[in-house]
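Listed here are the chains, written in short residue letters.
There are 2 protein chains.
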Amino acid sequence: MNENLYHEITPEGFGIAIEKDKDLFSKKSPYQQTDVFHSRAFGNVLTLDGLMMVTERDEFFYHEMIVHIPMLTHKNPKNILVIGAGDGGTVRELLKHKEVEHIDMVEIDRVVIDAALEFFPSVSCGLKDKKVNVLVEDAVEFVKNKENLYDVVLIDSTDPIGPGVGLFNEDFYNNVKRALKPGGIVVPQTEGPFAQSENMRLTYKLLRKVFKNVAPYTGPMPTYPGGYWSWGFCSDDVEIPLDSSKIDEKRAQIIEKTCKIYNRALHSAVFAVPNFVKELTK
Amino acid sequence: MNENLYHEITPEGFGIAIEKDKDLFSKKSPYQQTDVFHSRAFGNVLTLDGLMMVTERDEFFYHEMIVHIPMLTHKNPKNILVIGAGDGGTVRELLKHKEVEHIDMVEIDRVVIDAALEFFPSVSCGLKDKKVNVLVEDAVEFVKNKENLYDVVLIDSTDPIGPGVGLFNEDFYNNVKRALKPGGIVVPQTEGPFAQSENMRLTYKLLRKVFKNVAPYTGPMPTYPGGYWSWGFCSDDVEIPLDSSKIDEKRAQIIEKTCKIYNRALHSAVFAVPNFVKELTK
Numbered sequence: 001m002n003e004n005l006y007h008e009i010t011p012e013g014f015g016i017a018i019e020k021d022k023d024l025f026s027k028k029s030p031y032q033q034t035d036v037f038h039s040r041a042f043g044n045v046l047t048l049d050g051l052m053m054v055t056e057r058d059e060f061f062y063h064e065m066i067v068h069i070p071m072l073t074h075k076n077p078k079n080i081l082v083i084g085a086g087d088g089g090t091v092r093e094l095l096k097h098k099e100v101e102h103i104d105m106v107e108i109d110r111v112v113i114d115a116a117l118e119f120f121p122s123v124s125c126g127l128k129d130k131k132v133n134v135l136v137e138d139a140v141e142f143v144k145n146k147e148n149l150y151d152v153v154l155i156d157s158t159d160p161i162g163p164g165v166g167l168f169n170e171d172f173y174n175n176v177k178r179a180l181k182p183g184g185i186v187v188p189q190t191e192g193p194f195a196q197s198e199n200m201r202l203t204y205k206l207l208r209k210v211f212k213n214v215a216p217y218t219g220p221m222p223t224y225p226g227g228y229w230s231w232g233f234c235s236d237d238v239e240i241p242l243d244s245s246k247i248d249e250k251r252a253q254i255i256e257k258t259c260k261i262y263n264r265a266l267h268s269a270v271f272a273v274p275n276f277v278k279e280l281t282k
Numbered sequence: 001m002n003e004n005l006y007h008e009i010t011p012e013g014f015g016i017a018i019e020k021d022k023d024l025f026s027k028k029s030p031y032q033q034t035d036v037f038h039s040r041a042f043g044n045v046l047t048l049d050g051l052m053m054v055t056e057r058d059e060f061f062y063h064e065m066i067v068h069i070p071m072l073t074h075k076n077p078k079n080i081l082v083i084g085a086g087d088g089g090t091v092r093e094l095l096k097h098k099e100v101e102h103i104d105m106v107e108i109d110r111v112v113i114d115a116a117l118e119f120f121p122s123v124s125c126g127l128k129d130k131k132v133n134v135l136v137e138d139a140v141e142f143v144k145n146k147e148n149l150y151d152v153v154l155i156d157s158t159d160p161i162g163p164g165v166g167l168f169n170e171d172f173y174n175n176v177k178r179a180l181k182p183g184g185i186v187v188p189q190t191e192g193p194f195a196q197s198e199n200m201r202l203t204y205k206l207l208r209k210v211f212k213n214v215a216p217y218t219g220p221m222p223t224y225p226g227g228y229w230s231w232g233f234c235s236d237d238v239e240i241p242l243d244s245s246k247i248d249e250k251r252a253q254i255i256e257k258t259c260k261i262y263n264r265a266l267h268s269a270v271f272a273v274p275n276f277v278k279e280l281t282k
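For the protein sequence lines, the chains are P and S, in the order given.
Counting from 1, one number per residue, gives the positions in the first sequence under the working numbering.
Counting from 1, one number per residue, gives the positions in the second sequence under the working numbering.
Since the hints were made in silico from the structure, they are not lab data.
Where hints are given, some of them may not hold.
The list cannot tell twin chains apart, which means a pair is met if one copy fits it or any two copies do.
In silico EDC-like links for lysine to aspartate or glutamate, alpha-carbon gap of 20 Å or less [to be verified]:
1) Lys-177 <-> Glu-147
2) Lys-246 <-> Asp-138
3) Lys-257 <-> Glu-279
4) Lys-20 <-> Glu-8
5) Lys-278 <-> Glu-256
6) Lys-260 <-> Glu-198
7) Lys-177 <-> Glu-239
8) Lys-22 <-> Glu-12
9) Lys-205 <-> Asp-236
10) Lys-128 <-> Glu-101
11) Lys-282 <-> Glu-256
12) Lys-128 <-> Asp-23
13) Lys-260 <-> Glu-279
14) Lys-20 <-> Asp-129
15) Lys-131 <-> Asp-114
16) Lys-257 <-> Glu-137
17) Lys-78 <-> Glu-101
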C-alpha cells in the first residue's frame with residue numbers, strides 16, 4: 001500500500017483516497033487545523049481537521065452549483081452575503097454576475113483565507129475585488145442584527161461538527177431570513193445525500209421550519225463523501241425554479257460560457273432528485 | 001492507517017477506500033480475478049481484477065439508471081438483450097417491466113454469476129426467472145449473427161481493458177445495431193465523466209459513428225471512480241427523451257414505486273448534463 005495516501009474515511013467506513021505528492025502548509029488556529037498538500041490527481045488540496053474542503057481540480061462542481069442556481073433565479077441580485085467559503089470559490093463565481101454590487105463574505109478563520117490566497121490562486125482570485133468585503137468573524141454573531149439587506153445569502157459551511165455547528169440551527173436561520181430583502185433567496189450546502197443522509201434529513205427539517213419554499217438540488221462532487229452533494233433552495237417568496245425557460249436567457253448565456261457545469265437546461269434539472277432524496281428532505 | 005482498507009486507485013492517483021471486514025470469496029477464471037468481501041459501509045462488495053463492480057448498498061444507482069431510462073422510453077419492450085451484468089442487478093430491474101417477455105443475458109464469466117448467486121441474493125434474485133435465458137459466452141461472438149431480434153439492448157460492461165475491451169469497438173456496435181428491431185434502443189455504460197474522461201470521449205466518438213441519435217445521461221454512483229457515472233442513449237429511430245411528459249404515466253408510476261432513484265421528472269432531467277460532459281461527448 002502506498003504510504004503517501006491521504007484518506008477521508010466517514011464514520012460508516014468508506015471514503016476517498018488521494019496520492020499525496022507533497023505537504024505544503026499546516027497550521028492550527030483556535031478554530032481548526034488547516035492543511036494543504038499537492039496531488040497529481042487534484043492539484044492543491046485543502047483540508048480542515050483532516051476533512052476534504054477544496055481541490056483545484058474539482059472545486060467547480062461545488063462552486064458553480066451553490067452560486068448560479070440562486071443567482072440566476074433571482075431577478076436582480078445586487079447585495080450578497082456569503083457565510084464561510086474562505087477559499088474564495090463562491091465569491092469568484094458570484095463576481096461573474098454583473099448585477100452584483102456588493103458581497104459581504106464572513107469567514108471565521110483567517111488561516112483558511114490566507115492559505116487560499118497563497119495556494120489556490122485560481123479559486124481565491126476574487127477575494128481582493130473592490131466589490132468584496134471580507135469579514136473575519138463569527139457568522140452566527142454577524143447575522144444577529146442584520147435586517148432587509150441581502151438579495152442572496154449563500155451558506156458554504158463545513159459539516160455540522162466543529163466550527164460549523166452553529167450554522168445548523170433554527171435561530172441562525174431565522175436571523176438569516178431577517179437579513180433578506182423581499183424576493184430574497186438563501187442557499188446552504190446541505191451535505192451528502194448518500195454518505196450523510198442523517199445530517200441531510202435534520203438539515204431539511206430545520207430549513208422547512210424557517211422557510212416557506214424549500215427544495216433540495218443535487219450534483220456530483222468527486223472529492224466529497226459519496227461523490228454526491230446537495231444544496232437547499234430556500235425562500236419565502238420566490239418559487240422553486242422548476243421551469244428553465246423562465247430563467248433570463250441573456251443572463252444565463254453569459255454565465256454558461258464561463259462554466260464547466262452550469263447551463264440553462266441543468267438549472268431546473270438539478271431539482272429532479274432521486275426518490276430517496278425526496279424522502280430524506282420532505 | 002487501517003491495514004484492512006480496500007482501495008481502488010485510478011491511474012491518475014485517486015479513488016475509493018472501503019474498510020473491509022472479511023474476505024468471502026476469491027477465484028481466478030480464464031477471464032479475470034473475482035473477489036468478494038464484506039464491509040460495514042456497503043455490505044458485500046464484488047471486485048473484478050481488483051476493480052469495484054458491485055456493492056449491496058449502492059448498486060441501485062447504477063441498475064435503475066441503465067434499465068429504466070431506455071425501458072420507459074420504449075413503447076413496448078418485449079425482447080431484451082443484456083451483455084455482461086453477471087451480478088443480475090440489470091435483470092432484476094428489467095423484470096419490473098411487465099411488458100418484458102424474454103431476456104437473453106450474455107455474460108462471459110460463470111464465476112461472476114456464481115459469486116452473485118451466493119453473495120448477492122438481493123441483486124441476483126432475477127437470474128432464475130423463467131423469462132431469463134442466461135448464456136455464458138462471449139457477447140462479441142453472440143451478436144455476430146443476430147438480426148431484428150431485440151427491443152432494448154443494455155451493455156453493462158467492465159472498463160475498456162481486460163475482458164471488456166471487445167465491447168468498445170465499431171464492429172461490435174454494428175452487430176448490436178443489426179440485432180435491434182425497428183424502434184430499438186441500445187444503452188451501454190459509458191464510463192465516468194470526471195475520472196475517465198478520455199475513455200468517455202472515445203466511447204462517444206464510436207457510438208456517434210454507428211447510431212443516429214446518441215445522448216449521454218449521468219448520475220451519481222458512489223463506489224465508481226469520481227462518484228459520477230454515465231450511460232449512452234443510442235437509437236436510429238427513437239428520439240432522445242427530453243420531455244418527461246411524453247413518458248407513459250401509468251407504466252412510470254408502477255416502476256417509480258419500486259425505485260430508490262427513478263421518477264418521471266428525473267427521466268428527462270438526467271439528459272441535462274454539465275457543459276464539460278457535452279464537450280466530451282459531442
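Hint check results:
no.: 1; hint: Lys-177 <-> Glu-147; verdict: within (8 Å within a copy, 63 Å between copies)
no.: 2; hint: Lys-246 <-> Asp-138; verdict: neither (37 Å within a copy, 50 Å between copies)
no.: 3; hint: Lys-257 <-> Glu-279; verdict: between (35 Å within a copy, 12 Å between copies)
no.: 4; hint: Lys-20 <-> Glu-8; verdict: both (13 Å within a copy, 15 Å between copies)
no.: 5; hint: Lys-278 <-> Glu-256; verdict: between (28 Å within a copy, 12 Å between copies)
no.: 6; hint: Lys-260 <-> Glu-198; verdict: between (30 Å within a copy, 16 Å between copies)
no.: 7; hint: Lys-177 <-> Glu-239; verdict: within (16 Å within a copy, 45 Å between copies)
no.: 8; hint: Lys-22 <-> Glu-12; verdict: between (28 Å within a copy, 16 Å between copies)
no.: 9; hint: Lys-205 <-> Asp-236; verdict: within (16 Å within a copy, 46 Å between copies)
no.: 10; hint: Lys-128 <-> Glu-101; verdict: within (14 Å within a copy, 64 Å between copies)
no.: 11; hint: Lys-282 <-> Glu-256; verdict: between (31 Å within a copy, 17 Å between copies)
no.: 12; hint: Lys-128 <-> Asp-23; verdict: neither (26 Å within a copy, 53 Å between copies)
no.: 13; hint: Lys-260 <-> Glu-279; verdict: between (30 Å within a copy, 9 Å between copies)
no.: 14; hint: Lys-20 <-> Asp-129; verdict: neither (32 Å within a copy, 48 Å between copies)
no.: 15; hint: Lys-131 <-> Asp-114; verdict: within (19 Å within a copy, 63 Å between copies)
no.: 16; hint: Lys-257 <-> Glu-137; verdict: neither (35 Å within a copy, 47 Å between copies)
no.: 17; hint: Lys-78 <-> Glu-101; verdict: within (5 Å within a copy, 59 Å between copies)
Checked against the numbered hints given earlier, the structure breaks hints 2, 12, 14 and 16 and satisfies all the rest.
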